[in-house]
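So the chains spell out like this:
2 protein chains.
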Amino acid sequence: MTSAPTAPATPALDLSADPAELTRALCDIPSVSGDEHALADAVEAALHAQTDLEVLRDGDAVIARTHLGRSRRVVLAGHLDTVPIRDNVPARLVDDADGRWLVARGAVDMKAGDAVFLALTTRLPRPAADVTWVFYDQEEVAAERNGLGRVARNHPDWLAGDLAILGEPTDGRVEGGCNGTCRFLVTTHGRRAHSARAWVGDNAIHHAADVLDVLRDFRPETITVDGLAYREGLNAVGISGGVAGNVIPDECTVHVNYRFAPSRSAAEAEQHMRALFAGFDMRFVDMSPGARPGLDAPVAREFVAAVGTDPLPKYGWTDVARFSALGVPALNYGPGDALLAHADDERVRVDTIAPCLDALVTWLS
Amino acid sequence: MTSAPTAPATPALDLSADPAELTRALCDIPSVSGDEHALADAVEAALHAQTDLEVLRDGDAVIARTHLGRSRRVVLAGHLDTVPIRDNVPARLVDDADGRWLVARGAVDMKAGDAVFLALTTRLPRPAADVTWVFYDQEEVAAERNGLGRVARNHPDWLAGDLAILGEPTDGRVEGGCNGTCRFLVTTHGRRAHSARAWVGDNAIHHAADVLDVLRDFRPETITVDGLAYREGLNAVGISGGVAGNVIPDECTVHVNYRFAPSRSAAEAEQHMRALFAGFDMRFVDMSPGARPGLDAPVAREFVAAVGTDPLPKYGWTDVARFSALGVPALNYGPGDALLAHADDERVRVDTIAPCLDALVTWLS
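Residue numbers (full-length UniProt numbering), protein chains in the order written: chain A, 1 to 365; chain B, 1 to 365.
Keep in mind that the hints were calculated from the coordinates and are not lab data. Bear in mind the structure is a predicted one, so any value in this text is a computation, not a measurement.
Some but not every residue of chain A turned toward chain B, in silico, with C-beta under 7 Å:
#1 183
#2 195
#3 197
#4 238
#5 240
#6 259
Even glycine gets a Cβ: it sits at the ideal position worked out from N, Cα and C.
Could you put together the complete structure from these sequences and hints?
Have a look at this one:
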């Protein structure tokens, strides 16, 4: 007698475990972008088995929520995916002078944040606000694949709330909003000629000196928004030109990235750049407006008080901007150092995880 | 009864024909670089059959020469190969307001020049100087494949002489020597960082503005050598830098081409550039010194007198520099407009070919 083949069992997650243990268990289920199915299944199964939350699913995004009739709703969101594994799964523990580290792909970006939010599902018998948890896929890849964006399109009501917290690594500080980012191409033109008779042509690469001069001489502003100082940045991230070793080039393109404070709209950021590069051939290729920190809302002020340290601005663009676009103020808050994200020795200090959980419990109890 | 298969017959060339007719016959034997075998065979066969010159061969280079015991020897050299055919073989005749044109790949670069030299083999019963004819392969491709360079390595004595004339198109003017050319890379360095925190990094593309400023502000010299004014040129022919749309780049490379007067040696040209780009990371990738026009030699002065127009400087680098490196002064002289070389509608005006032959006959009779 033969038994039917069975799929590999989904590893069981213990949501009541220490959040550092839970982080490790999450890291040990590989979930490179596009391949989050096993981890999403494990999260969904644990939420069903260990909580009485309503559990919803869209692709490999798992949503859980309370329905307590509270006057306010808080959204806690974390992406389940990681950048590709580089011999750093399963997780291992390493001790050094700074303490004990969990070394693994995703440790800091952002399974420690996911673990804090997942653990919270079992730590809040009577939360002061209704809570929605969102665990989603494909944050580390092209924007159009982003799972949070897909949920926002398919079920915008699932993301409704008075404040969203994204579990990106912030070293346990509150980082408000995020800068916007846009990219554009500035192209200079000339006339081809054989380089033996350069004076017949017009060198487009030499004209690009004017573009680089603008970039080099630009002094980026620091703009205070809702009490946080956002530092802007304007940089060439690419340059290309040239036809052959004996040809005066007729075109040169500088690829520019402008990071702008969340007080500027997309249109204002574009206008600012068009004024700076007036007279040049410009083409915008990407525009992602930022998110205001939203720290003036009472629910946000209470959260900041619970964390107990001054909030900081977030410089990098994060999915808080997607909440901001839905009208939900959003903050970044999670364990771990963002500078270790994507590193081959990605790691999170074990004793920094539980305090994040404690702050959320304090705030929401 | 069956006959053995025979190879296609080599088309016969008539060296005593009008040189425009001979140009057309040469154009109708395709000879893209690396595929000159049929044309070299035809040239070799015609020289054997129609002249009593000594005929030598090295690969697809064909050499013919007199042994008259004259006090001076003149070398006439032309390459047999062309750039790739673009629906422009066989040749056709086209009339316009300027006259009758032979339109064909190679018409101007340089089968008209080859035809003039080949026709000359039957027009000089008693030449005033010994003459060596060199018809060679692979001039239009990488320097290391050049047939003239190969003959110079294998049989330098075959190229010996008091003056060499290269049949490159010069509109029937004498163009002396050639500018030298070199290429080098100037690389700027910085420090990578995420572009959301640009101040942590150091933008190598912005530093390249300093390199482009040098190029843009440089005023190339015009240097008189042996009575001819050589116009120099300094140009970026390529630029590249950039890692990703969100990364401050740590490296940017500008690819520079310097065309320098034949009065500068290779070492002097390099030194000049190293002084101009002092402090930058520079790497030379190519160095081809120029050739002095050599117009002070009596044999050259007599040739210029026979042509009857003032000589001009040659800007582009040509194989005259290979003769110059062997100690043989060298000039460019041939029918046709060099600006039509490599064009899809490459063409030579029919009535400009015979006068070049006439001038050579006058000079050498």
